[in-house]
Amino acid sequence: MDKTAPTVPEEQRFILTSVSPSWGQKRLALGVVLASLVAFCIMAGPLSTFQLRQIDAFVPAYGTAIFVNDLITAVLLFNQFAILRSRASLAIASGYLFAGLIVIPWLLTFPGVFTPGGLLGAGLQSTAWLSVLRYLGFPAFVIAYALLKDADPPKRLWEGSMGATIFSSVAISAAVVCTVTVLVIASDAYLPPISIDRVRFSSFWLYLASCLILWNAVAITLLWIHQRSVLDLWLMVALCTYAIEIYLSAFVGPARFSAAWIAARIFGFVSSILVLSVLLYEITTLYAQLLRAIMAQRHEREARLMTGDAVAAAIAHEVRQPVSAMITNAETAVRWLDRSMPNLDKARAALKRIAVDGHRAGALIGSIRAMFKTNARHRTSFDINELIKEVIVMVRSDLQRHRISVQTDPNLRVRQVIGDRIQLQQVLLNLIANAIDSMASEDGPRVLSVKSEVVDSDIMIASKDVDRIFNPLFTTKPDGMGMGLSICRSIIEAHEGRLWFVGNTPRGAVFQFVLPIAAA
Amino acid sequence: MSRERLIAVIDDDESFRVALVDSLSSLGYGARGFASAEEFIAGDGTEPYDCVITDIHMPSMGGFDLKRRLLAHGSRLPVIMITAHEEPGLEARAAAIGAVCVLRKPFEADALTHCLERALKA
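Top to bottom, those sequences are chains A and B. Residue numbering for the first sequence follows the numbering used here, beginning at 1 and increasing consecutively. Residue numbering for the second sequence follows the numbering used here, beginning at 1 and increasing consecutively.
Since the hints were made in silico from the structure, they are not lab data. As the structure is a computational prediction, the values presented were derived from the model and not from experiment. Beta carbons are placed, not taken as given, at the ideal position from N, Cα and C, and that holds for glycine. A couple of the hints might just be wrong.
[Unchecked claim] Think about it this way: if two alpha-carbon atoms lie no more than 20 angstroms apart in a straight line, the pair counts; the simulated DMTMM-like pairs of lysine to aspartate or glutamate are:
1) A:352 x B:14
2) A:346 x B:14
3) A:451 x A:386
4) B:121 x B:110
5) B:121 x B:50
6) A:346 x B:4
7) A:352 x A:331
8) B:121 x B:4
9) A:352 x B:13
10) A:389 x A:420
11) A:451 x A:383
12) A:389 x A:453
[What the hints assert, rightly or not] Chain A is nowhere near these chain B residues, computed Cβ spacing over 12 angstroms in every case:
13) 4
14) 32
15) 40
16) 48
17) 49
18) 75
19) 76
20) 92
21) 97
Excised from the complex, chain A in its bound form (with noise of 0.2 angstroms):
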């Protein structure tokens, strides 16, 4: 293969195939299993002689509701397989979609559903034999999800038109559970008898149920060697009530409606509806997860805007001065040459400053272009004194407009600190941003200290009723967005730092945060 193999994409951790399992749901499905266990021995124990009434209801009953959720189980995996075009997600997809069409000529067949023999001409064998397919088929499709899933992945992944291969698996499913039906049906008296008659199995079931147990365990054997994912954990557990299933209606019950064989047939509805209520859970969840990243994208764009705003009235204003002088030095240069003796020297200087004035513009624009160009969430090491500068320099006109003086005492101990050098920069805006609005209002001196220094891991700090200055919605500007604060504050917890707020003697602010510092 000389092109490049499609390499797995990155979501894939977010995938229910992909994603292993948790501490708890392990502790979870062991659990299933333990009580499965148990239920399985007062089964086969006290309860095994005990023999109910028929109950007509219960079989077609059961017959619909394995129907219904092997098929929702289909359709959620062949979802799967449709995203991660693995051949070993087709596989099980396939399995399950299998052991639910299946279920139909069962139903039909059984003795006494819908009429008394079973209806397509079922002989006395043909229900058992296709419920032994069904014990067979599906352990095999699992066999072949797990060879599949581990062998080399990145070339197992599938390349074909995806709504083809799903169509083609479903027709393939239908054309097979179609093709054993007619078998199983039209070579009734030729098979091994199952059953003695339409209540009663034979002693070559027992055989049958042993060697089904075994292929059961196989498959359990195989993704125990391949486990790796949330599925692969429950779909053991599924297997396991399985064997329990087969082991139940064999040898501690080998008659229909037998409690014994009720309770199979309970088992084999929680092993269907196991893997299903698993992918509906995991999928809410990663459903919730996914809300969760999205809103807290939102929040960081909406901080982001926030101080974007202020930005970019500075950057305007910025931009605007050498714009202003090239027009002006235009003007002037057309208005030296429409005189009647053109001062050619005049209009010559005008033009030279529009050259430099059109420079400087340009070196503006690179250098904010510059500002933004650093890779978001990118960890760096970098010098706080001069992100402090670079950030008064972005406010200067605000405190000019203000007359808020500035004083910076840089800490030449301070040099590196570790973190996202635009997030940074946006806590120290907002900061500065906040500091500037409340001032703004206050008569007498107005000065903005921003200082640097080392202090240690212990630190102490004292805030008690403080805290609610971070609450997303206690704002003391009236035309403010309370927001910022709190984000600045997850934005330095975020770099396992703390932000805090102090008031200050005589009167005004001190806000503080620590970063941790880079390793001399």
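With chain A fixed as given, assemble chain B onto it according to the hints.
Same frame as chain A, now just chain B:
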């Protein structure tokens, strides 16, 4: 033309200050540039300015401060204010303390001469 009108241009942005001074001289006015209001005040007395064009936002003393200071000293020197900010309401504030007009950068020569004519007529 009688005596050449002399205009003081106060702006901390050098490139715009130089451009405006040259623009005024191409319009037939005499013009001097000052980087700050303090510089303008320090060199007073010797030259009789007919009008002041000053930036509103400058470090330390701004255009409004200068106008108030001139008023306090009993000066009737007409003042035209210029700004690169978008802050609303500057026109009203300027008019309240007697400035002739406010020009927002970038402005055209016609707007400038119109303002100057009003200022010098007074």
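How the hints compare with the structure:
1. A:352 x B:14: 15 angstroms, holds
2. A:346 x B:14: 18 angstroms, holds
3. A:451 x A:386: Distance of about 12 angstroms is within 20 angstroms: holds.
4. B:121 x B:110: 16 angstroms, holds
5. B:121 x B:50: Status holds; Cα separation ~10 angstroms.
6. A:346 x B:4: Measuring from Cα to Cα gives roughly 19 angstroms; hence the hint holds.
7. A:352 x A:331: 13 angstroms, holds
8. B:121 x B:4: 14 angstroms, holds
9. A:352 x B:13: Distance of about 17 angstroms is within 20 angstroms: holds.
10. A:389 x A:420: 17 angstroms, holds
11. A:451 x A:383: 13 angstroms, holds
12. A:389 x A:453: 15 angstroms, holds
13. 4: 16 angstroms, holds
14. 32: 16 angstroms, holds
15. 40: 18 angstroms, holds
16. 48: Answer for residue 48 of chain B: holds, closest chain A Cβ roughly 25 angstroms.
17. 49: 20 angstroms, holds
18. 75: 23 angstroms, holds
19. 76: The claim stands: residue 76 of chain B keeps its Cβ more than 12 angstroms from every Cβ of chain A (closest is about 27 angstroms).
20. 92: 17 angstroms, holds
21. 97: Holds, because the least Cβ-Cβ distance between residue 97 of chain B and chain A comes to about 17 angstroms, which exceeds 12 angstroms.
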